[in-house]
Amino acid sequence: MSEPNDNPERTPAEPGRPAHRRAHSSRRDLERYSRLFAERTRVMRSSAMRDLMAITARPEVISLAGGLPDTSTFPPASFAAQMTRIAHKSSAAALQYGPTDGFAETKACIGEVMAAEGMRPDPDDIIVTTGGQQAIDLVAKTLVDPGDVVICEAPTYPGAVPVFCSYQADVIQIEVDEDGMRVDRLAEVLDALAAKGRQAKFVYSVPTFQNPAGVTMSADRRSALVELARERELLVVEDNPYGLLRYEGERVAPLYQLDGGDYVLYIGTFSKILSPGIRLGWVVAPPPVLEKIGLGKQATDLCTSTLTQFFVREYFAEGRWREYVDSLVGIYRGRRDTMLEALERYFPAEASWTQPAGGLFVWATLPDYIDTSDLLAKALGENVAFVPGQAAYVDGRGASSMRLNFSGSSEDEIGEGIRRIGKVVDEQVRLYETLTGRGGPAGGESGSAGPEEPADASADVLALRPRDRRTP
Amino acid sequence: MKIAVLKGGRSLERQVSLRSAARVEDALGSLGHEAIGIDVGGDLVQRLREERPELAFVALHGPGGEDGTVQELLEILAIPYTGPGVAACGRCMDKVAAKHEIRAAGLPTADWVAFNATAFRELGAADTLDEIEQRLGLPLVVKPAAQGSSLGVEFAAERDALPAALLAAFSYDDRVLIERYVKGRELALSILGEEALPAVEIRPKEGDFFNFEARYEIGRTDYLCPAELSGEEAEEVRRVGLATYAALGCSGFARVDLILAEDGPQVLEVNAIPGLTDTSLLPMAAEAAGLSFESLIERIVELAPKPASALNG
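So the sequences go chain by chain: A and B.
Counting in my numbering, the first sequence runs from 147 upward without gaps.
Counting in my numbering, the second sequence runs from 89 upward without gaps.
Please keep in mind that the hints were generated in silico from the structure rather than gathered at the bench.
A virtual CB, placed ideally from N, CA and C, is assigned to each residue, including glycine.
Check each hint, because a few of them may be wrong.
[To be verified] Covered stretches of chain B, going by a simulated chain A footprint (3 or more residues, C-beta under 8 angstroms):
1) 92-103
2) 131-145
3) 202-216
The shape of chain B in the complex, shown without the other chains:
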């Protein structure tokens, strides 16, 4: 099959995307497909029209590629693609929308409030920070609403740290959320098709606990796969993860990040297009399930909708 691997783009996660795509292209090649890498830019539509791929493998991360924009274009061009559809991508990329959906589905996620910068600039939202602190309690986690990676995620251990944490998060997006910090074990549940892969536990090393960047560096974080969970815990994590995936309308694959607190799992966020680099969690989970990287890619391709041959005559 002729498959276009969409990669790069202008997002801050460009480098991660290029690393994901390089592996995907290799795997597609060894599976006997013809992989054409396309660095997503102004000529994307033109390139797709020229190449006429049977399938697009979306290996983009962050805004632009993971938020439904590229997917929408692919729909218009009637090119089937891997991973979740337009609406699901949009919901996953917007952490605030995702949390509303998750809560509406009766699934657990930490209490939060969300703001855009205008609320502070024009509506005096700063005056509510004390109430927010009282309502959610310290420490707080501040996140840009639309960044896939750890960029701009800040801890505020005390009230005074909140403005600087908000300022940092606002550097990445015009909308941020302030979330209650949930103490517990960090888990990532990758889902392939309708099946949950073994959960991965992320254990930051001492000292790097509040450094989200460290999560992405070998040696600064330990990964346990499968996570050491009791049968009951594993089942509950699986149930919540799958229900979240369904609630957001995901298909193909996605990764649900959770915290396993004392009273059960809480959903943090869903990544519509999780990383596929050699240090990424989805390939790690697949490996624990006995799937090589090639098999994982093959499965993702199989899960994509079939080419609409009627359209091509």
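Next up, chain A with everything else stripped away, as it sits in the complex:
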């Protein structure tokens, strides 16, 4: 249990200013410590890219880089009322430790959320976690030995990569197309592994409104994946933060529902339907796996925040959580439409992008000669930011793609942000044409030298059918 810092020397003397700050380490100190670092920290790197991403937080920057839900429409009065009720009714309990696996009442709320997507888990199969991110970490902690194979999507959730790497997993990525993960490719990879006497520990997937690609795995692929998992006794980790944020089309059954919870571990979160600030997520797993996850959780943080579990309990007791999700769906649908329209209008013919039916992200792919990490520097000059595609791969692929978020900015900002990105992309495309002598030096104002083959440029990363292109 971590104790609060009781060293009087380090107690702040005035707000925001430590009375005593340790002098920063010299290089020699750093090298001395670096010899002590665990092997797994070698893959935990800071990089110039990360420094660049820090700049995206400047207030004048329109950031389409984050994955932030919009918490501004949550009624402050309702928040205040719930917190007041907690203080009056259960102050002592809300300020106390709680059970490692979470309160039964929280699990009842989780039951409601999962039921909304057709799932009925046994509350005993649920552990409440500190956000979905901790669930990913705990699953990896429970299952992965150094060198074990973990399979995920290509591109995959950028926040999952450092988790798998920190447990020294051998990460293999399976390409995603418009219908989600290529399950046929997965089978081939499993065969190839088996031929070498190796087996994957689990497959990690965000099948619905995937982060970062925005695509959804088709019903056929889902059946095939669940089938494959049963045949080969392979665990599948279904991460489903966005399932309830559907803007069009029919619901597709979650993998957990298809499988019944034998081989599919399910990760959910309140982050996108209520608040990421409350850090509440959960994992559903078969009892033997769950028991180990619980032991891991106990070692990590004893229990998930009691206070925020009380908040969720109060909030759900009002019975209006679906209304709030529906209001978010309305807002995000408008923002997605704005982004897709702006892409159509401002991105050059050489670019392609996904058409998400839900979730928070669009994945755009540019011609392969454009490196989006470099492009980000240029975009920051125009005060706009995105996530360079390489962040979603472990092997350097994705360099010509980018993830664009539409949930965290207003429609005006989205339109303007895409216009600015489109401008720098267009400049780079034109410049490349002149660099290769294709466009000629005339510098015609009309822009494009004619459509290329977008499918070709994106083939390496995310196979999309060439879009129907309206001529302006």
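Given the coordinates of chain A, assemble chain B onto it according to the supplied hints.
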């Protein structure tokens, strides 16, 4: 002394600058100075007028802070500052101008050509790429003219890679240079006042050799300080480094990056405000010379021009 530590700003090297400045503020504090950190933005002049510091410690990196812009303002406000002056900063930040000065002073630097994007967009410069390749030979190094860090620096091992490398470099600046690749050992010679500190050798690990980003990450690059140089080599590196520093009109401190090729050192570039983070090369060189970080900062402060008391009455 009341010292304003100028940091952050809008450059792509903002984070590095904040890390440099945090250490500088600590060091100034333990030296008994009153350090006031100022994140450089629209209110810089106003803040400086309010705080009335006796000295500005410029811990900015990249365009804006390292190119003479902030220094010019400090001159107008008559606030003395650390590091090189306006003209020297301008020359160092522009790699092309720096190379002209270096060559004019009879000092060795690799052959290069420089372009701005307009040359390609409007003047058909692409048609000269074959001749450039023939003249300079492969592999080539492509760099933005005005970025202090490794951002946008690309190797082109073959002719076909040149357009994409140029495109990447043009993402960081409207001007780029294409330089002959010089094979040799990478050295950084830090200069404090008029004295050269021991040279640091940068040895990228196998596989990271063509990855400039790796140069800035612990564990992906080995640093030897002092570099293992023969007496003759060390002397030649020192001579070329000091002469370069003088040719660009530097004062206070700076870092000269060189390649030690078979036929002697070649200057790559000069950093007017080298990093002062815990993994930076200047503090490393100072340590090898027996100077703690505090002593280094104290020395940099001493080297700055004295406050013009006449101006303040």
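Hints numbered earlier in the text: which of these fail when held up against the supplied structure? Result: hint 2 breaks, nothing else.
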